[in-house]
Amino acid sequence: MSETAASAERAAAGTRPHDAAANTAPRVIRVQRSRGWVSLKLGDLWAYRELVYFLTWRDVKVRYKQTVLGAAWAILQPLLTMLVFSLFFGKLAKMPSEGVPYPIFTLAALVPWTFFSNGLTQSSNSLVGNANLITKVYFPRLIVPVATILSGAIDFVLAFVVLLAMMAYYQLTPAATIVWLPLFLLLALLASLGTGLWLSAMNVQFRDVRYTVPFLTQFWLFATPIAYPSSLLHEPWRTLFGLNPMVGAVEGFRWALFGTTAAPVAVVAMSFATALVVLVTGALYFRRMERTFADIV
Amino acid sequence: MAHPAIRIEGLGKEYRIGGQPERYRSLRDSVMRTAKVPFQRVASVLRGRSSVLSARTFWALRDVTFDVQPGEVVGIIGRNGAGKSTLLKILSRITEPTVGYADIYGRVGSLLEVGTGFHPELTGRENIYLNGAILGMARAEIDRKFDEIVAFSEIETFIDTMVKHYSSGMYMRLAFAVAAHLEPEILLIDEVLAVGDLEFQRKCLGKMEDVSRLGRTVLFVSHNMSAVTRLCTRAVLLDEGRVVAAGPTPAVVSEYVFKGYGTRAERHWPDETRAPGDETVRLLRVRAHDPAGVVQESFDIRQPIAIEIQYTVMKPGLRFTPCFDVLNDAGVVLFLSQETPDWERIDRPVGTQVATCWIPGNFLAEGTFSIDVALWGFKNPPTGVIEENGVISISVHDPLEGGSVRGRSTNAYPGVLRPMLKWEATA
Chain A
25 MSETAASAER AAAGTRPHDA AANTAPRVIR VQRSRGWVSL KLGDLWAYRE LVYFLTWRDV
85 KVRYKQTVLG AAWAILQPLL TMLVFSLFFG KLAKMPSEGV PYPIFTLAAL VPWTFFSNGL
145 TQSSNSLVGN ANLITKVYFP RLIVPVATIL SGAIDFVLAF VVLLAMMAYY QLTPAATIVW
205 LPLFLLLALL ASLGTGLWLS AMNVQFRDVR YTVPFLTQFW LFATPIAYPS SLLHEPWRTL
265 FGLNPMVGAV EGFRWALFGT TAAPVAVVAM SFATALVVLV TGALYFRRME RTFADIV
Chain B
558 MAHPAIRIEG LGKEYRIGGQ PERYRSLRDS VMRTAKVPFQ RVASVLRGRS SVLSARTFWA
618 LRDVTFDVQP GEVVGIIGRN GAGKSTLLKI LSRITEPTVG YADIYGRVGS LLEVGTGFHP
678 ELTGRENIYL NGAILGMARA EIDRKFDEIV AFSEIETFID TMVKHYSSGM YMRLAFAVAA
738 HLEPEILLID EVLAVGDLEF QRKCLGKMED VSRLGRTVLF VSHNMSAVTR LCTRAVLLDE
798 GRVVAAGPTP AVVSEYVFKG YGTRAERHWP DETRAPGDET VRLLRVRAHD PAGVVQESFD
858 IRQPIAIEIQ YTVMKPGLRF TPCFDVLNDA GVVLFLSQET PDWERIDRPV GTQVATCWIP
918 GNFLAEGTFS IDVALWGFKN PPTGVIEENG VISISVHDPL EGGSVRGRST NAYPGVLRPM
978 LKWEATA
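These protein sequence lines map, in sequence, to chains A and B. With the first sequence counted from 1, adding 24 to any position gets you the working numbering. With the second sequence counted from 1, adding 557 to any position gets you the working numbering.
If you are wondering where the hints come from, they were derived from the structure by calculation, not from laboratory data. Errors might be hidden in some of the hints.
As the list claims (entries may be wrong) - BS3-like cross-link-like pairs, simulated, lysine-lysine; straight-line CA separation at most 27 Å:
1) Lys-721(B) to Lys-760(B)
2) Lys-760(B) to Lys-89(A)
3) Lys-721(B) to Lys-85(A)
Owing to the predicted nature of the structure, the values given are computational and were not obtained by experimental measurement.
Build out the structure end to end from the sequences listed, making use of the hints.
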């Protein structure tokens, strides 16, 4: 017997984390056409969590392979937008900024926004970009956009460090409410993933979806209180504004960092609700379209 | 065993031609159509049906039913487009069947290509982990087998080099090393594994033999009849999406070879009126066979190859010669051979004739060759040529057992021909 065969037998005696149930009775998989709306099969996603990790890791690694450029890009994007906004909205239009220096005010919103919009843009093209995987191997397709969005977390961390540095420069200390920050990051992530699922699944079938994404993010940018405070709006419009899930994320970020305004509970609740609706419907639509991905992509 | 490893029941897959789902569309087109059939359209998009406008369809797979018992190694054979790859894709859960179902008992690993997901910017080490995870290996499993995978790939020194700097041979070796260490209970393998250089093929087949000896269930799609015969206990022959034969490998393989399912080494025109030619002379049959008279697609480089041309002459006094040329896969005509250069002086007798030419062993290089056949000359008196391009094709391989020009060297060997020539040398 060859060396490899012998070791294969050794390995076969070991455990298989992917398939613990195999020790008792063989698992039966029925391969057939799925009909109607299918379940999300989140268990499948969990079983393949290592693949989520590896794909995320791949995306991060590849992006930062030319380290200087990779890191610089993550920082430059929000910083340059901040410069432009500070010049036009802060200096020229004299936009109010809730008692915080305008550059910080807008950067605090741009950091979660960049995470959201990059995640959205990259995930919408993720299935087409990973067509070689999709046509050759089975795994829950949801993994692809999920991993793409998660890989943006590194960019977020870098940009966030810059934000903290800027705050230090302006001699601002983060408020105690900063402990709530992860909640708003989660909101941005859910919103990004929900929209990303819709767009990525549509992009497989309608290849021109990708051309609409830059417009979408641009409109969305101005439909979110990034360059301006949402206090410009009066109730009940201000709360209704929360139907845009990024409103809650951005407002939440500012509140958590500066603590200068009252907690935007209603807006955040509204945003969470929308984000969850978009996410669940997006996931359902995605699962529904999943069956034809390999044939079309 | 109470249950099979795989049970396939009435499996079918329908594709649409021209329309969806094989091709993506532009949203703009859809918007236009949406304007025309608004409600149906929106509903169908949401429901995941691609089009309410019917398109022509074809069944890539139809009524496929068979079982695979645990530990069996089953070969799936058939010509290109017979549905072999579609079947594998359905069993791997990459695409869904349109009708029917398959029950799979156990953990499945499928290898439809090697190196799936390899990223050129990542190092060999990183790609082992990534590719392993994509193929369904757990991280701990990859950790455990890592050294073995590297040893198998024979690229230890380059393991921390980016894969984009690898030669294609190194790339394939690494990719196959990962694939070879996949240990599912049921393994689905496409013939793409059998491409690449000869050494790679041999390694691949050797590993396959190891796998089957371990009692794992294997489904093996291939064109390579000798590999199927060697590895598989049972074979299933597909043609136009249907199972046309299933059973012990030798019987199914000979069905495939002799009934003309797929073998491209033989061509005959059962309907004489549609055969190349006219009312004076027609081609009947062209085939490539070995010295034992067995039609083969794949020849040992050391073996002579017979090109047999059968034709029928219906009018006396015709003057022509059967001839053929051999093209390699780059389309280069390697040579042209005719039965006799003196054909202008010979009246061909009426009746069915057979002309056979022997291409010596150790003459063609390794590779795939296409053969054009002609009955070439002047009819008496008008001129005419009956010519048919790409009538048959054969491949030539070198088994590395010695006795060939290459010998036992596994390096790439150049040349469009590989004649064994006589050398004279001092000492």
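Status of each hint after checking the structure:
{"no.": "1", "hint": "Lys-721(B) to Lys-760(B)", "result": "23 Å, holds"}
{"no.": "2", "hint": "Lys-760(B) to Lys-89(A)", "result": "33 Å, violated"}
{"no.": "3", "hint": "Lys-721(B) to Lys-85(A)", "result": "15 Å, holds"}
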